[in-house]
Amino acid sequence: MSNNFEISTTISDAISSVNYSPSAPTTLLVSSWDQTLRLIDTHAGTSGRELARIDTSAPVLDACFVGHDGTKAVAAGLDQSVKYFDLSRSTRTATLSSHSTAAKAVAYNNDLSTIISGSWDCSLHLHDARTASQTSSHTLPHKIFSLSTITNKLVVAMACRSIHIYDLRSMSEPLQRRESSLKFMTRTVRCMPNGEGYASSSIEGRVAVEFFDPSKESQSRKYAFKCHRQPEGDVDVVYPVNALAFHPTYGTFASGGGDGVVALWDGVAKRRLKQYPGYPASIAAMGFSNNGKYLAIASCNGFEDGKETVPNPENKLFVREMGENEAKPKSMG
Amino acid sequence: MADPVQLSVIEAQKENIISLPGGRSARALAQSILAAEDTETQNLEHAAAREAFENELKTADELDDPLDPYLRYVRWIQETYTAGGGRLLERTLYRATHKFEDSPELKNDARYLKLWMTWIQQFSDAPRESFAFLARKGIGAGLALYYEEFAGFLESQNRRAQAEEIYEMGIQRNARPVERLRRKYDEFVARLAANPPDANEPSSPAVPIVRAALGERRSETEARDPQAPAQTFGAEGQAPQKKKNKMMIFSDAPGAAAPALPEQSDRDGGWDSIATLAERRKENVEAPRPWAGEILKQEGAPAPKKGKLQIFRDPAAFQSQSHHQEPSLSQSGKPRRRESVFAALELVYMHGEGHDECDFDELRARSRGLLNIDWGEMRREDERRRQRQKQLDRDRAKAQQEDEMMMDMLGSRHAVVEKEPEEIPDENAQFVTKSTTVTLALSSSPKAKPRKKRRSMGVQLSTEPTMTMHTRAANDEIYSIFNQPFVAQDDFASQGKKQDSSDEEDEEDDGERTDTMYSRGGRADNDERTDMLRGAFGEDEDTGFTAIDVDTLRQRAQEEGVPVEELERMHLENQGAVPEEYMDEEPHTIYNHRGSRQLPFMTPIVEQTESLPPSTLRGARGRRKSTTTPCKPGRMGRDDALIDLSSPFQDENDRSLPGNNGKIAVLPDKENIPEVPSEKHQRSKPTETSLISFEDLEPREKAKEAKKPAPSNALQPKKQSTPSASTKSSSGATIDDAQCNPMDPALRDVIISKLSEPLTSFKGFYDNSSQPSKRTDGIRKYIRAVTATGKDAPKVIPSQPVIGLENGEISYTIRKEIGKGAFAPVYLAENNMAGMYDDEDGEEETAGETATIGISKRCELEAIKMETPISTWEFYVTRLAHQRLGNHRATQSLVNAHEFHLFKDEAFLVIDYFAQGTLLDLVNATASPNHTLHTQSGAMEEILVMFFTVELLRTVEALHSRGLLHGDLKADNCLLRLQPVGANGDNPNEKDSEWSSAYDPEGGSGWNKKGLVLIDFGRGVDMHNFRKDVGFLADWKTDKQDCPEMREMRPWTYQIDYYGVAAVVHSMLFGKYIETTTVSGDNAPGRPKRYKIVSGMKRYWQGEIWNEMFDLLLNPGMFLEGEEGGAMPVTKGVRAVREKMEGWIVANCERGVGLKGWLRKVEDGVKRRR
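For the protein sequence lines, the chains are A and B, in the order given. Counting along the first sequence from 1, when you hit position 26 you're at 26 in the numbering used here, and nothing is skipped either side. Counting along the second sequence from 1, when you hit position 650 you're at 983 in the numbering used here, and nothing is skipped either side.
Chain A with its partners taken away, still in its complex shape (with noise of 0.2 angstroms):
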């Protein structure tokens, strides 16, 4: 059984991304709409420890791990700047471009070493990780929510339902205009660990699973799902589905939803693996760690209904310890 337990933070106010670090399995990465950027190590002494702390000058909306060893960040804020941190200095390094609105959305892709950033002004910067610097910069037709990549794919989630994969190598055109399957809007856009397609959610409840090769079979096979409903009366409430993380092995994946549940599901056998519920408040942002081994999870105010209380209470940050086959697929024995 897996083991859940919360990690003792100072963080303020809604907490936007957990990421851990791709080298080391319990540290984590989380970025905050206190205008902090925080690395935790979640296994030190019962509830975890603060490594390090980067104020920044802004509420950071995303952010994630640069470069494979789990020293370099990217943030994007909403102060419209794209930073680059770095981590052992705890000092912001460089500003790495400016969105002219906030920047919403950092995707690293480690086999390019390419940052990419996303903004409600409908671009979509990129950046060289290892010189620091912007390379090119791309208008999309609508507000970019949520990035996410693997190999050499960009998926690009968008507003209005619009889906855009790009391959990274020629940016020019994107590879796939899609438009989603869900009918509401897109809340976040996962890629799966073995870059043969994405997972999409929406703010209704569901989750498509769908596929990058265009051929027709290959297409037959996407789906979506209903989740993250809770029964109230004889009325389910439909809860947005806010987080969504992919096992980094099995291929499994999570989501996290404005109900406080995160729900496990395994989307070869199309089945539901595990249900953690009971979370106090809506599921922000999750991440597994590079082994697989602890699921972070961020629950906090999402703002779902436009309402909150300044300052937001409860920001907690917890991590679930999977047990050795918990996020197994069934598939796999």
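What the hints contain is simulated information worked out from the structure, not anything from laboratory work. Note that beta-carbon positions come from the ideal geometry of N, C-alpha and C, so glycine has one too. Don't take each hint at face value.
[To be verified] Computed Cβ-Cβ distance ranges for the label pairs, DEER-style: (1) B:V1486 - A:V268: 52 to 60 angstroms; (2) A:S23 - B:R701: 32 to 40 angstroms; (3) B:R1423 - A:R272: 46 to 54 angstroms; (4) A:K222 - B:S1428: 46 to 54 angstroms; (5) B:E627 - A:K222: 43 to 51 angstroms; (6) A:R272 - B:L1453: 35 to 43 angstroms; (7) B:R701 - A:E173: 32 to 40 angstroms.
Starting from the known structure of chain A, arrange chain B on it as the hints suggest.
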């Protein structure tokens, strides 16, 4: 000449008489009304008369006037059935009118027309159509009556134009008597002139012109009336439809025409007959068919089985931005549940459809006004703000410094203490953030306005306010000035502590600092309490000092780095100081306090006065560490003797310790203590005081007894040696009613008030009934906070509330809510003092007072039950049960009541916590498909059921044999008690190693560790309080879970438990609630009913044993032979059944999985559940 008709008879019945157009014969009326009084003969007569008429009608066709019998029949009906003939009249009229509708002779017969009119007036559902029908048939065409009636009807319908038409038609046809018709017409015209018709009135022809329907099919052979309408739906002559048309066309089944209808043909184009509406609508009614071979449609075919993950395949574009209820798109056949989207779609799609949506982050930014700001400016602003903040911090630090300086200068605690009350409004349940956790007691330690005496007492270990606290208080005030968030408080608090520790220079300081550790909660003093400071003060001092034993001192010493000797010395000093204290007290205070003490469920004041002293003394002895009190024989050893006493708590102590009584005399001297009569204040008092004047008391005691006409034995302090009977009241019971409701609070109060040993003297009973507790709100708040999720979740989840009691001597950290009744929520609590009890108990034992019965070792986790409404009853009965049962094995199966804290507004009962849940949970787990304990049948394994049944029976048997009823036996009041077996029970590898798989009914080989625990004695009954022949009556609303006696309002006693056991076993065995029925054939009047369960046993179950058990439990009254005294309880019968069960278990416990295996499964299963 016949007698005159008695009109009074008619008068009384006149609302039941329908008026007839021609009036009624008074004589006939009176006759029929009088006859109606004898219904039976009347019915016979009527039947005979009807038969005669029917026979006459059969031959009516042969008569010269075939109408005559009908007329007479109708008249007879009208006269006989004064209230209207109903169906009979309708049928007869129908037959009469329709029989002759085509008879030309009768067309203009006024009698026949009158029949029609009666029928139309009384029974026709469409009078206008009926008139039209008559017109078409030509019936009454020559009679003025028809036109008058028709016109009158039309006029009443406000169709005056049509009415006029009818009159004209009648006059034109010269209907006789035409004069009358003319006169009526003139009257009508006059009315019309007075009230001219509205233009809106219908003016269509009164008798509709019948047109041929366009689509009518006409058979070639049959020349139809060109006016025949289309509404002839088939007829006898029509051939049945061969193939099924798209639209089923109704056709009368051949030969199905109503027999009452005369032969008819459709030559009249649908106007050949007019029948009732039902007749005309017959195509809407399904004809009756034989059931054989019919297929009944089931309600809703079972939905096809779905995969767990529903695949969404709807590519349909997003339709409307703001619909929260989306249309159905599910593939499964079942109707979809309505859905409501949690997200604020109107915000997300604020720009309208087709435009970009707004992310939640964007919405958040927008709502905070961060979206369209100049970040450059923002950064500069930020910088400025930081500057300001720094300035603020500096100011604050400065202020704090100043404050501390001031504090040092003053050097007095008073200055600060004064401030305290402002600071925490609700201290009772204080939520402490974990980082700072020193447990907070919610004590009654008085900090405000210390009395002079205090000074003389030297250092008070646990109650003195300290420097630390003052500093913090001061800080708090500063915070309130700066209005800082609470996080900062902690920092400051720790700062304060550091400072404090840094300047530990002399003993005094050390002592005080120690104090902070333990009584920080003391800070949290109650404002309300200050008004009764005196009492609180005394109490507090005492407690403060007794609570600390040497071990604790040592422990503290270690923590504080203070030499043990030092602390011990101080401790002793305190002890020494106390007696002086009391000497100083003025005696008069006691009376005030006495008067103000209102113990809700206690005795009247007089009696309490008597009972108080022993209690206080006992308390003192019980709780004191190094007491000088002479040891008295433990109650424990004596319980066997006690068993037969009607009042269990009566005790020989009173005799063996005369000091108990003697103390009364002393009391006035020190009754500054007042509010709380519990043992606490007594603790610190040297026992000598209590010995002072026993002699004084003796006379008083006697006088009091003399005053009581029928003293219950409960009041007899020295009766121990002389068993109950001699001193009992007439019936020997506290409650002398033959029938009563044992749950009646008033009755319970009486019982409790008559205890020989008052509740207040029970170990673990803390009477603070004069003080409000106000702890509940904090706990509730916390529970709400942790259970709420999503949008309901509060802003701050408070950390686990710590409730401290008795000056922080006892404190619990509330973990969660484990049970939620309507009245008494139960919380899981961590006993913060768990470690300390061991010493205490040990010492008590060496002191000769065997640990009070039922007080077993305390655990870290215990359950706290909020007794609302406040009732001491559960505590009392629980203790009573333990005492009565003594060392009986069944004692293990009773929950322990450790402590009872009584406050003015609430009460807490501290009981054992069993983590494994209730039998009900187990039953439910077994029935729920996802649970590991699920079985195919959904019910528990038989051997498991039998095992638990044996446990239950044994416990109930023991309780009953000692005169106790549980009163509320149900599956959710039975907790699983599957404890580890063996010395190494905690070690998982060793776990259960000493537990044999062979069942031992005697509890050997570890089997005594497995079983049940009964909780909730809140409805318990002590039969010794009642007469032997008592019968209880329930005043609550009963249902199927109550025993049949209750349901049938018969008196009951032990039945309540027997039925309860049966219900529990039933729910285990069948997985559903018990339902009983009487055994058929056995419920002849006068004989007691015999009940049985409705459900049937499985073939492979031990039906014989089970049936025997149910038979016994449901009908205990039938098994009284052989029982002791031939009366309830049927202990022997229960034992016999139990032994049978045990025998079966012994024989079968190792088959298959085995009982041990099953129990382990249960153990694992319930563990996982948590």
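Tested hints:
1. B:V1486 - A:V268: 52 to 60 angstroms: Violated, since V1486 of chain B and V268 of chain A (Cβ atoms, about 36 angstroms apart) do not stay within the stated range.
2. A:S23 - B:R701: 32 to 40 angstroms: With Cβ atoms ~35 angstroms apart, the hint holds.
3. B:R1423 - A:R272: 46 to 54 angstroms: Because 52 angstroms falls inside the window, the suggested range holds.
4. A:K222 - B:S1428: 46 to 54 angstroms: holds, 51 angstroms
5. B:E627 - A:K222: 43 to 51 angstroms: Once the Cβ atoms are compared, 48 angstroms apart, the range 43 to 51 angstroms for K222 of chain A and E627 of chain B holds.
6. A:R272 - B:L1453: 35 to 43 angstroms: violated, 59 angstroms
7. B:R701 - A:E173: 32 to 40 angstroms: Taking Cβ atoms as reference, R701 of chain B and E173 of chain A lie about 37 angstroms apart, which means the hint holds.
Hint compliance for this structure: hints 1, 6 are broken, all remaining hints hold.
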